[in-house]
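Colleague: Given the coordinates of chain A, work out where chain B should sit on it, guided by the hints.
Protein chains in written order, with the numbering used here: chain A, 1 to 463; chain B, 1 to 461.
No lab work stands behind these hints, which were simulated from the structure alone. Just so you know, not all the hints are guaranteed correct.
[Claimed, not checked] From the structure, some residues in chain B lie toward chain A, with a derived Cβ separation under 10 Å:
id, residue
1, G40
2, S44
3, T68
4, T82
5, N95
6, Y142
7, V179
8, V182
9, T222
10, S224
11, T387
12, G415
13, H438
Just so you know, even glycine gets a beta-carbon here, dropped at the ideal spot from N, CA and C.
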Amino acid sequence: MEDILRNVVEHGLKEAAEFVEIRVQDFAGVYVRVVDGKIRNLVNRGEIGAAIRVFGGGAWGFSSTNNLGKQSLLDALKNAVSLMKVAEKHTETKFKLHPVGPFVEHLSARVKERITNMPIEDKIKYAIEASNAAKKKDPKIVSTSSMYGDSVGSVIVCNSVGTYVEEEVSYVSASAVAYAYEHGMRSEGHHNIGVTGGFEHGRVEDAATLGDKAAEKALRLLKAKPAPAGKFYCIFDPHLAGLFIHEAFGHACEADTVLNGESVLEKRMNTQVGVEELEVIDDPTIWGLYGSYKYDSEGTKARKKVLVREGILNEFLQSTETASRMKLEANGSARASGYHVQPIVRMSNTYISPRNWTFEEMLEDIKEGIYAKGMNYGYTDPSKGQFTFKCEEAYLIENGKLSTIFRDAAFTGTILDILRNIDAIGKDVEHMPGICGKGGQSIRITSGGPHIRVKDVVFGGIV
Amino acid sequence: MVELLDFGLKAMRSAEKLDADQIEVFLADTKMLTMRMERGTIKSAHSLTDSGASVRVFWKKHSAMSYTTSLNQDDIVNSIKTAISAAKAGRIDPNFTSLPEPKPLPKVVGLYDTNVDSFSIEDATCMLMDAAKAAKIDEKIYSLNVFLGVGSQRVAVVNSLGVMCEDKCTSLGVSVNVVAKVGDDMSSGSESKFSRIIKNVNPDGVGKKAAEHAIRSLNAKTISTTATLPVVLDPKAAAVIVGGALTAPLNAENIQRGRSYLCGKMGREIGYDKFTVIDDGTLPEGILSLGFDAEGVPSQRKMLIENGVLKNYIYDSYTAGIEKRDSTGNAVRISGGMGFADYRRPPYISTRNLIIPEVKGSSEDFISEIREGIWLCETDDLPNIATGEFSGLMAEAYKIEKGEITYPIKQATIGINMLDFFKNIEAIGSDSRQIVAHGIDGIVRNTFIPSIMVKAARIAG
Chain A
1 MEDILRNVVE HGLKEAAEFV EIRVQDFAGV YVRVVDGKIR NLVNRGEIGA
51 AIRVFGGGAW GFSSTNNLGK QSLLDALKNA VSLMKVAEKH TETKFKLHPV
101 GPFVEHLSAR VKERITNMPI EDKIKYAIEA SNAAKKKDPK IVSTSSMYGD
151 SVGSVIVCNS VGTYVEEEVS YVSASAVAYA YEHGMRSEGH HNIGVTGGFE
201 HGRVEDAATL GDKAAEKALR LLKAKPAPAG KFYCIFDPHL AGLFIHEAFG
251 HACEADTVLN GESVLEKRMN TQVGVEELEV IDDPTIWGLY GSYKYDSEGT
301 KARKKVLVRE GILNEFLQST ETASRMKLEA NGSARASGYH VQPIVRMSNT
351 YISPRNWTFE EMLEDIKEGI YAKGMNYGYT DPSKGQFTFK CEEAYLIENG
401 KLSTIFRDAA FTGTILDILR NIDAIGKDVE HMPGICGKGG QSIRITSGGP
451 HIRVKDVVFG GIV
Chain B
1 MVELLDFGLK AMRSAEKLDA DQIEVFLADT KMLTMRMERG TIKSAHSLTD
51 SGASVRVFWK KHSAMSYTTS LNQDDIVNSI KTAISAAKAG RIDPNFTSLP
101 EPKPLPKVVG LYDTNVDSFS IEDATCMLMD AAKAAKIDEK IYSLNVFLGV
151 GSQRVAVVNS LGVMCEDKCT SLGVSVNVVA KVGDDMSSGS ESKFSRIIKN
201 VNPDGVGKKA AEHAIRSLNA KTISTTATLP VVLDPKAAAV IVGGALTAPL
251 NAENIQRGRS YLCGKMGREI GYDKFTVIDD GTLPEGILSL GFDAEGVPSQ
301 RKMLIENGVL KNYIYDSYTA GIEKRDSTGN AVRISGGMGF ADYRRPPYIS
351 TRNLIIPEVK GSSEDFISEI REGIWLCETD DLPNIATGEF SGLMAEAYKI
401 EKGEITYPIK QATIGINMLD FFKNIEAIGS DSRQIVAHGI DGIVRNTFIP
451 SIMVKAARIA G
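Just chain A, same shape as in the assembly (with noise of 0.2 Å):
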């Protein structure tokens, strides 16, 4: 296989590109969905392709295949070529190319339990299990939802500053999902894991678990009340305030958005943007973390970034291209979802760092306020820097006590309100798995931190 890729990215270079690059994705794994303890998703996945993308004159040609056949391959390449040719005619933004490398490497996925050695009636058992548990939970339980996913294969870089890498994928996924019903209500609980590595007994939660986990959210918001509108000191859990640093903040980070003019945090580089405690960090180098990897998809050695530093902002996420144009090094941000797809500048695992503050300690100084807990979804302008989030529950707090609990509160505000409003940082850091769409493609990260607690948070509500 190299000595193709590396043919093919010399011909590339014949054919006028200043930099060629093939990357060959495959994967196979299984997925099931369950419904009510019945499978109504069994479904076999895999494949294999391969993306060429070239560069020239400050544009891209890309074009993918999945025929591996070296005339297939070239023929992609001069397909690649051309759309670059066109694309450079227009192009008023001319910069050179400055990837790092090169970067020679073969890594295996580092699993105990390969999930290509476990049997299909295992996986399917899983999710049945899962979809039992919460059902079996309690009658208010009256359906159930659940799902495993697998996956591995291996992704090959190979480009034309002598770059050529290879690493072994394995991930495991699941989620369960609890439906109760009492005296006219209704409600939802979630619950999802998410590794890469394997099957590996302790770091994939058992079915009963995850089922259980969904079934006791559900039964919790059953009792809900509808969320109050208006102005509160908040503490956000360390899965909320994950999922905010990601949403709100991260995404600001990515360079190619910060060079199109949409960020909030463009011009701000090296100044405060958040209290003195504040440090965010974004790390694929983690082991066995859902957004983990070695290398990026376009074959730069993966690294930790501290996106914030004593609440300076620090570093924004690099691919070679946007690197190239603030005259830069790439970090190894690059992350392309499929070989059908570019690769563009993403998150990994992020999350605000610990500091010294315990939940009850937050809670004490509290006389009025909310504890938001756990994410539905949120997402963000970053141009604004405006956000909203979904939290799955939350509760109020009456003097550094928890209360009542609400169902569908959401939080709206600005992300340098925000980071300049939090008082207190947590100590208890978690990581939750996630999906992270943009530009339509979907690519697993995490997000994570531990407990924040934040002045005047506005939450909308129906009451």
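Modeller: Chain B in isolation, oriented as in the chain A frame:
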């Protein structure tokens, strides 16, 4: 050109001796060109061809799916074999009755445009430039990003009960994102247009509109209040809220399992008596139209809500089987705003093109009647399926005072239960627009909807 159907039928014939009770093959052949312009200059061009087949097999009420990224007969048969062995490893599902039987298909017009299919990279470049030029209406325009996607797709469905359908369609979409900036104040605006037919896509209009959104939302203020106010929803916001309140909650799976706030509401009056919602898989030129659904069931036009009364849930063949009724043709494999199917994705239940019929008036008329209220132009939030409660960020909204728009609002939220929303509709306009939205739930919705005025919603900021 070999017909897709032939590949499917041949594979089906070779699989006859295999140990399966029913087999379905879904085939798709897609050709696409996408171009991206960043900050007013062309950045990348990408061409993609993707063909493949997805098979679903049923064996003694066990089922499984597999797919291959080729249309080669041997590869399809191998996928069938893989799916059969997976199905055998699975469990019985007594709820499964049968794949659909063949039925006559409606003729849907305006799905394919040769001008779109033959769109060249030069055509795409011109269209991008036109959209960008139209967006540069003002020196406040700080950043300008344009995306163009154009392509064609052939799809076919065959099954062992004799379903055999094939059709082709085209799609063209332009979307423009603009950031306006004055001093430290930044705001953004976006607009897009997707169509099967070239004549419906006016790049100038898309660019201009996006720029207008960005400029008019500069200088936004917080409202610093929590109050119950009347709200006028622009079609763009109305499409997201109304679509989100119906697609998943009317999905028969969520109804049968007691998961939806619309459970038990069939035939009941749930809203304003002029509020009607139609789901139409046969709409001429509709981006989610095709003569058949992802299981080969004929597409339908049907009332979801008629004059405020809930009329229909949406079914695939599995959920229809549970109630011993026919599928409504709402099984889809749509992925992405172009409205193309992805054979990798198992069929799921979703609405097709949604139409909310016009009544009378425009947003200007409604605004002029309001002493104090909100004009909501954009939100991306969705209601909670279980409770019907909606609370979301008003991404683009304006304060209404004494019948006039006074200022853009930032950081404010809107909250309302959707059952109250439907009942509190006070007026429906005659200013319909087509809104294609790729929701945060991953669902693509194509909605034709006018401005809607709602008496009271909870506003906080």
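Colleague: Hint numbers the structure violates, sorted upward?
Modeller: 8
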